[in-house]
Structure formats: structure tokens, C-alpha cells
Amino acid sequence: MSGATAAAGGPVPRKKSKVGSLERQQRISIRSSYAALSIFVVIFLVPPFYMVMTALKSSAEISAQQGNPWIVQSPTMENFIQLATDASFQRYFINSVWVTAMVVIISMAIAILAAFSLSRMGFKGAQVLSTGVFLTYLVPPSLLFIPLFQIVGTLGLINNTWVLVLLFPTLAVPFCTWIMIGYFNSIPKELDEAALIDGATYPQILVKIFIPVALPGIIAATIFAFTVAWGGFLYPLAYLYSADQATLTVGIVRELIKGDVFAWGMIMAACVMAAAPPIIVYTFLMDYYVAGLTAGATKG
Amino acid sequence: MADGSTMVVGASATTPPAPRQGGTMKRLARRRSMAALALCAPLIALIICLKIYPTFYAIFLSMLDRKMNHFVGLDNFAYLLGRPSFHLVIFQSCLFAVTAVVMKAIIGFILAHLMHNIRGSSQRIWRGLLLVPWVIPLSLSTLTWWWLFDPSYSAFNWTLSWLGLPEVPFLGTVWNARISVIMVNTWFGAPFFMIMYLAALKSVPEQLYEAAAIDGASAWQRLIFITLPMMRNIILITVLYSLIVTFADFDIVRILTNGGPQDGTHLFATYAFAVGIQSGNIPRGASVSLFMFPVLATLAFFVLRDVLNRNKEVAT
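Chains as they are written, first to last, in our numbering: chain G, 1 to 300; chain U, 1 to 316.
Bound conformation, chain U alone (with noise of 0.2 Å):
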């Protein structure tokens, strides 16, 4: 990145006496690079100030005692671990970001898919139609959702009943809701994999295909021996990346369900919001957010590992 180049282009321009010209050069870069920093300086203080220190501040925070005047070490994590609520919370988090990135990762290959073969102008207004679950702000279309849902004026159960089926309670048992929580992240996921797998698609070079047509390989061979492998790191990116929006998510089952019922749909983040802002207990509910630390870390890990290798790949 940071390359000699146009260092020394940079000096030879303010053409200072041949003897002295190391020395300038010297100070020239010195400044430079001063300068540099300084552009990055607010950068580095948002990192510092607004996501380094916290991450302490957090780890100092769940020590404490619910006044938060008393050290009790790791007591808040203990205790969330002896409750049975909390290891609902565990389960349905997994659930829901391993089933939920699933789903959207294969209806988001189907679509590319469909996009794909069709070419032209008119793909590009398909494509507008289909983000639109993804352009509309989370919070406003789950509250859509919510009133789909809805008990007694429910549109879908409406539907069902219009078709002769039994009414379905969506957000009335735990499994339901569990269920319905995962279908509203999938509608708004999948948009977001169909347009970073169209572009993968898009990049594959056409010629893999046509000796492959030529060798007399299937549709299916196709797939597997040229798309998949090609596509290998996009889909890995994407799902860690997923992964990892998806195991913090907060606004679908804050709005659709607040984590009822009988707390069996609680994810990690509305657990510790409902724990540390809603009851008040900032410790505790510091050590909630908490738990997601290592599991984030492990997959950030991954997808850094991933990305810095694709830009190795595409930089040679």
C-alpha cells in the first residue's frame, strides 16, 4: 500500500540541492506520514473511544454487582449459566442463526440462479423487486409482519381459513414463534445472498463453461465441478458474514415476539436487553452481551482469514 514511489516522485519535485537531498527526502516522508496519520486520527479515536474501550469496559461492567459497587467476578456469568431461561436463550441463538443463514444461503443460490439465466435489461428491474424486503427498514416491515401474524385480524390465518385449513397460532407457542421468527429473517436475508452470489456468478468466466459443454458434462456437473468451487470463497465470505449479523440479531424478535412465549424465543441481544436496560441490571445484562464474544470472535476470525486470502488471490 504504502509503496516508495510516489515518495521519491514526491521529492524530486520540490528539487532540493543535490548533497542535502537525502536529509529532505527524510524530513519529506516524515511529514508525510505525519500526515497521514493525522487523516486517520478520527478513525482511530471512533475505534479507540467507541469500540476498544468498550469491549473493556464491558468485561470490567459484568464484575460487577447489580448497584455496581461491589467486585463479584465472574459470579454474573455463573449464575446466567445455572438458569434454565438462559440456556433457552443459548439454544434458540444457535437455532435461529444456524437455520436462518441456511435457508437464505439456498434461496438466495436459487435466485441467483434464476437471475442469472435471464440476461438483459430486464434483470435488473427482477432484481429491484426482489431486494425490496431488504431495502425496507428491518423494524418497519417486522411490525408488518407482526400484524400478518396478528391473532384476531390475521391476514394469513384469514387465508388458511379462506382455503378450508386450521388457523395457526404463528406467535402463540414457542415452536411456532421460533419458526415465524426465522421465516421474517429469511425474507429479509435471502435478498442480500442473491445479489452477492449474482455477482459471483457474473465473474465466472463463460469459457469454464463451453469446454465443459464440450466434455458433454451435465447440468448438475456443472455445478459441482465449476460454479461451486468458483463461487467456493464468496459463499463461505457471505455465510460467516451472516453468521455473524445473524447470532446478534435484535429487531425481529425484540418487535415480534419480545422473546415470549415463556421466553423461548429470546436471541442473545434481546436477552441482554431486556436483562440490562429493561430490568436495570447493567452488570448482568453487560455479561449477556458477553457470552456472544467468543462465538463472534471465532467467526470474525474466519471471515478475515477468508478475505484477506481473496485479496492475495485477486492481487496476483
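For reference, chain G alone in the conformation it holds in the complex (with noise of 0.2 Å):
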């Protein structure tokens, strides 16, 4: 792929030359890298561009079909104004940060105690607990939302945004723990020791050493908290019926498309209104979240 070093491979009669040649392969391979990596982000940015470009428009504008349609004519935020003031987007909106938060608060409490106890207290099938937390990562929403739909019926809590908030830990828990373990074993033994020989209980030892020392993997394991309930789809989707119990992603592609007559401009902007945060998050803290997802591909 990378001429870089495939220079040197080549026949290389004066010395001089070579490393001119290598110079100028490299260059060559850096900024062809830089040209093919320019057509990836235009061709993966398209949809997002076009999102933001439709949120700006007008439903004139868009009805009209006139000229192109990549490029907004007549900017105007008055489908973001319209949003903003829309007693049911504002429901989904408070929806989508309650559940999320109440998600992430759940998902992290339990995921951290149970790294905690995994990684350093241990006690008779530790290591079976370990392997069933992967293995219930693997299983995706898909596979058991229709018994979970009987059971959640049973609990009465169909058509309640608590359906959520008891779900998505399920599909959050599994991943956060798995970092966490993988953060705290990387934590050296001798730290807690000192700290029991300087008489700290398990409780201090959690919250003043595991915690501080383990914060870049607490980071990544929220950001995937939050990303799991943010952004889940087909629970609230089964689960809340009516529009005022719907979260963000369900409110937008169920209750803003009503019958056939699209007001794409406001969907674009709801939807660009509902990717902010995400965006946001990722912006500030993606170091951490990828170096927490690839932890496993780095060692070794």
C-alpha cells in the first residue's frame, strides 16, 4: 500500500541517492495517503453534510425542487426555532437525558463493584462470572426483545420510560464491566497491598486508589453507557407506544413522519438536534473511549 520503505528493497548503486529516493518515496506515500483519505471523508461525510444542509432549509425550499439540492439557497434556522418550542420534541428531549442519565448512573454502579470484586477480591466461580459478563456482551437486543416484551408487560411497565431505564443496563453493563476488569487488573497489586498494610478497608481502597488510577477507563466505559442508551433504537421502539413516553431516536423517526407528507427539514434538524451530544462527547473524550474499546488489540 505505502511505498515508504519499499524503497530500499529496490537496487541502489550510490548512497547519495538513496537517500534522496527515500525522502522523496515518503513524501509521495504521505501525501498520497492524505489524497485517498480525503475521498473516505468526503464520500462518509455526505450524510451528515446533507443533514445539515436540509435542516437549514426552508419546506418552500425544498418542495420547490429548484437547483441543487446539496447547497442550502435561503438559510434559516426557523425549523430549529420551531423544534426548540415544540412541547413534544421537548418531552423526547427530556426523555432521551433522563433515561440516559438514569442509564448511565446504574450501569456504572454495578459495573464498577463488580470489576472491583472480580479483579482483586475473587471468590469461588469469579472466573465463570467473568467469561458469562463476555459472553452476555455478545447478545445483541435483537435476540430476546420479544420475551422481554411479555416480561416488562408483567411488571406493568409498557408504554413507561422505566422500561428503559431497566433494559438498557442490560445491553451497558456487560461492555463497562469487561473494561473496567481489564483497567483494574492493569492496576499494580502493590498499591492495594500498601494500602491494607496501611489499614485501608475495601470501600477506601476502591474510592481513593481504583477510581483516581482507573478514571481514563471509567471515562470509556460511561461514554459507552451513554452511547447505548442515547442512541438505542429498538427497545423504545417495542416498548413506548405513545409520544409522550419516547425517547429522541424513536420520537424523531415514528411521531415527526406522520403519513406521507415529510417535513424533511424539520426531521434534518431534529436529527442534527439529537446528534449533538454524541458529537459533543466524542469531540472532548474520544482518546479515552478508543483507547478503552481497543485495550485488547494494543497488548501483545
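If you are wondering where the hints come from, they were derived from the structure by calculation, not from laboratory data. Fair warning: there could be bad hints in the mix.
As the list claims (entries may be wrong) - Stretch-level coverage of chain G by chain U, calculated; a stretch enters the list once three of its residues show a Cβ under 8 Å from a Cβ in chain U:
| no. | segment |
| --- | --- |
| 1 | 31-41 |
| 2 | 62-73 |
| 3 | 80-92 |
| 4 | 146-152 |
| 5 | 158-164 |
| 6 | 211-222 |
| 7 | 274-280 |
Claimed, not checked - Listed below are the simulated BS3-like cross-link pairs for lysine-lysine, each with C-alpha atoms no more than 30 Å apart in a straight line:
| no. | chain 1 | residue 1 | chain 2 | residue 2 |
| --- | --- | --- | --- | --- |
| 8 | U | K51 | G | K208 |
| 9 | U | K51 | U | K67 |
| 10 | U | K51 | G | K124 |
| 11 | G | K208 | G | K124 |
| 12 | G | K189 | U | K312 |
| 13 | U | K26 | G | K189 |
Note that beta-carbon positions come from the ideal geometry of N, C-alpha and C, so glycine has one too.
Using the hints, put the two chains back together into the complex; each one sits in its own frame.
Right, dumping it as C-alpha cells:
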């Protein structure tokens, strides 16, 4: 793929020209990498770009179908203003925020306690449980949503956002625990042994040593739980049927699309507003998340 | 994981009189393992109540009739296997998962190599730009794709006719729709492969390439004999994991085509939703989902094996 170091393989008569050609080869390789990456970036960013462009169009401009659809002719914030003052859209947003906050708190609490126990304290069957946690991570939401529909129906939680607070942790906790076990295992044993000798109790060790030292892991796991809860689509679609209980994803896909008259400017503006929180979070914390995800890949 | 070293230290910290030490240590150890178990209790409860129990409940449900008051054995499975529309679901799920994962793996591999060529701080910005598809909630970006594919206002078709090419009904025919949903899944998933491969690439020791360069290896040879073998495990784990997720995918097909045209794009998940939730036939919906189980279990077995192997390698 890269010609960067391939030059070294070629027959090179003189020392001086070798250096020159190596440098040139390297430059060419880097430039062509940039060129190829630019093409990929343009292709990858077509949908988000079009999302923003449509969001800035008025309904009249969309239905007129004149000129280039990729570029907005008379940009307007009217879609955003209308959504921001729309009671039902505010409702979706509040529902999403509340569900996500609860899911993150519950998932992280369960994951940190379990990971601390599995990584440091240990009991009979701890190894089995670690493996079980990893296996449950591999269970996709679409495998069990029908029996869960019956179960939450029995619990009387259908069409209530609490159902998501109950069910999203099943998707978030396994991976969060798995990440946290990895980070906790990487903390040297000497550290907590020293604390134990000094008379620290396990809760103190967890709060004063493990949580601060494993903070990058906690950030990564939190982002994962956030992503699961904010972007979840199947569970809210299956279990929440009325508009006042809908979260953003379902509210936009199901409620904003009414009949065949698509208010696309409005829908895309809603997508932009709903996609903004994850994009902001990832802009600042991407490094932690990538490090957490690829922790297994970089070792060894 | 649970070695004795911390335990001994813990016991000596609360120094009991010498003769009774054995008993105290045992008691302490027991108390500690009880506490450890208690800390895991929420996790265990969650796994048992919301993963294991629903699995068995799904098996039970799948053997009931539509009204859920008669036991019908395997009739639901037999009925589904006799339906041509379910054959399409099986075909499309396999086609979707295999094609999309292969595309994602190839594009991710190319992207990771390109990214690896550029060093320094600009890499972070490029990575951020390429990760955008993966950051936007999938249901929202799929909605945007739908709008891009829209038959009368399609921005893609506008571009095609502007270039003097014939318009394409992206979601109008079965095969076009199949290709479209695969395309959207590839767009969404390729960045994930990129970051996994990029991390793996970074961990390949530079000396290997230097040694190869001295021996006069070509770029191709370095790829085949160094990069691929060193990344083998990560490639396997990522591909298997992605196969699971893609095979069980729901959002894209549900929003883009809702199974149409002519049931040609239904996956197991969307078909189970249509049958179980929308038509209200819970037992048959549960049976549709359960058809995924053998495939997912096989894939999960291999992922687990590779991950455990890798952990062992890393540990030694």
C-alpha cells in the first residue's frame, strides 16, 4: 500500500541518491495517503453534510425542487426554532436525557463494584462469572426483545420510560464491566497491598485508589453506556408506543414522520439536535473511548 | 485473579494472636469472599433475570400457539421453515451480514493503513472526521440516508441526472434495496474496523519492518508476512464480533425499507418485530428470533476462544 520503505528494497547504486529517493518516496507516500483519506472523508461525510443542509432549508425550498439540492439557497433557522419551542420535541429530549442519565449511573455503579470484586477480591466462580459477562456482551438486543416484551408487560412497565432504565443496563453493563476489569487488573497489586498494610478498608481502596487511577477506563465505560442509552432504537420502538413517553430516536423516526407528507427540513433539524450531544461528547473524549475499546488490540 | 497474596497481607494487618491465626484467616477469607459476592450481586441478578431467564422464556414462548394458551411443540418453527418469505429472511440475513462485514473489514483495513502512514497530531483530526458515521446514532443517520434515497427528492438521483446518468430507484427494487442497506451498514461500521486495526497496526514492533527492509522485502511481502500475521487475532475477533452485531441488526432495515420491497430485505430482527410486535403473534416472533441463536452461539464461541487465547498470550 505504501511505497514508504519499499525503496530500500530496490537496487540502489549510490548512497546519496538512496537517501534522496527514500525521502521522496516517503513524501509521495504521505501525500497519496492524504489524497486517499480525503476521498474517504468526503464520502463518509455526505450524509451528515446533507443532514445539516436540509435542516437549514425551509419547507418551501425543499418542495420547490429547484437548483442544486446539496446546497441551501436561503438558510433559515426556522426549523430549529420551531422544534425548540415544540412541546412534544422538548418531551422527547427530556425523556432521552433522563433515561440516559439513569442508565449511565446504574450501569457504572453495577460495573465498577462487580469489576472491583472480580479483579481483586475473588470468590468461588469468579472466573466463570467473568466469562459469563463477556458472553452476555455478545447477546444482541434483537435476540431477546420479544420475551422481554412479555416480561416488562407483566411488570406493568410497557409504555413507561422506566422500561428503558431497566433494560438498557443489560446492554451496557457487560461491556462496562469488561473494560473496568481490564483497567483494574492493570493497577499494580503492590498499590492496594500497601494500602491494606496501612489499614485501609476495601471501600477506601476502591474510592481512593482504584477509581482515581482507572479514571480513563471509567470515562470510556461511561461513554459506552451513554451511547447505548442515547442511540437505542429497538427497545423504545417496541416498548413505548405513545408520543409522550418516546425518546429522541423513536420520537423523530415515528412521530415526526406523519403520513406521507414529510417535513424533511424539520426532521433533519431534529436529527442534528439529537446527534449533537454524542458528537460533542466524542469530540472531547474520543481518545479515552478509543483507548478503552482497543485496549485488547494494543496489548502484546 | 484471586490470588492469596492480598489475603495474607490483609490478615496480618489485623494481627491476631499467633495460635488462632489459621482460624481467623479462614474466617476473614470467608467474609471477604462473601463481600466479593455481594458486590457482584447486582451484576449476577441482571444476567440471570434479564438475559438467562428471557432466553428460556423465549424457548417456552416459541412453543405456544398464537393466543398463548396451547402448547404446540415445534409447530411455529416448522411453519416458518415452510414459508417462502422466511426463506428470503434467512437468505437476506446471511447475505447482509457476510457482505457488509467483508466490505467493512476491507475498507477498515485500507483506512487503517492510510491513517498509519500519516503520523503526528493531524492523525487525530483525520480519525475524528472518519469516525463521524459511527458517532451519530444509527437510527438518525439511517433516516438521513432514506432522505438521500428518496424517490422524488433524491439528492443522489439529482446528482446522477446532473451527470447525465439514468436515475436509480435505490429502494424500489429488491436487489437495489438489498445493496442500499448493505451500503449504509458498511458506511456505519467501517470506522469501527479502522480504529481496531489502527490500534493493532501501532502495536506491531517497528523492528520487524526494519529487519524486513534490510532483507529487501517488498511492501506486499511486508503486508503478507508481517502485518497480517501480527494482526491475525485482532482481525478475527473484530470480524466475528461484527458478524454477530450485523447478523442481528435492526435499525437500518427497519427505517430504510421496513422489510420491503416484497419482503426482500427483512432480516431476522425486523421480521421478528413485524411478526411478534406489529402483528401481535408473540410466539411466532419469538421463534423467528430464536432462529438466530445457533448462528450467534457459534460465532460467540469462536470470539470467546480467540479472546481467551489472546489474553493468555498477553499474560505470558
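Comparing the hints with the structure gives:
Figure legend: the segment 31-41 of chain G, annotated as covered by chain U; annotation consistent (6 residues with Cβ-Cβ distances under 8 Å, at least 3 required). Counting residues of the segment 62-73 of chain G whose beta carbon lies closer than 8 Å to any beta carbon of chain U gives 5, which meets the minimum of three for the stated coverage. Check result for the segment 80-92 of chain G against chain U: violated, 0 residues qualifying (beta carbon to beta carbon below 8 Å, three or more required). Using a Cβ-Cβ cut-off of 8 Å, 6 residues of the segment 146-152 of chain G lie near chain U, which meets the minimum of three, so the contact claim holds.
As drawn, the segment 158-164 of chain G meets chain U at 0 residues by the rule of a beta-carbon pair under 8 Å; below three, the given contact is violated. Using a Cβ-Cβ cut-off of 8 Å, 0 residues of the segment 211-222 of chain G lie near chain U, which falls short of the minimum of three, so the contact claim is violated. Counting residues of the segment 274-280 of chain G whose C-beta sits closer than 8 Å to any C-beta of chain U gives 4, which meets the bar of three, so the coverage hint holds. For the hint linking K51 of chain U to K208 of chain G, the alpha-carbon distance of about 33 Å lies beyond 30 Å, and the restraint is violated.
In summary, the hint linking K51 of chain U to K67 of chain U is supported, as the alpha carbons are separated by about 25 Å, within the 30 Å threshold. Under the criterion of a C-alpha separation no larger than 30 Å, the hint pairing K51 of chain U with K124 of chain G is consistent with the structure, at around 22 Å. Annotation: proposed proximity of K208 of chain G to K124 of chain G holds, straight-line Cα distance about 27 Å (limit 30 Å). About 19 Å separates the Cα atoms of K189 of chain G and K312 of chain U, which keeps this hinted pair within 30 Å; it holds.
For the hint linking K26 of chain U to K189 of chain G, the alpha-carbon distance of about 21 Å falls within 30 Å, and the restraint holds.
Against the hints set out earlier in the document, violations occur for numbers 3, 5, 6 and 8.
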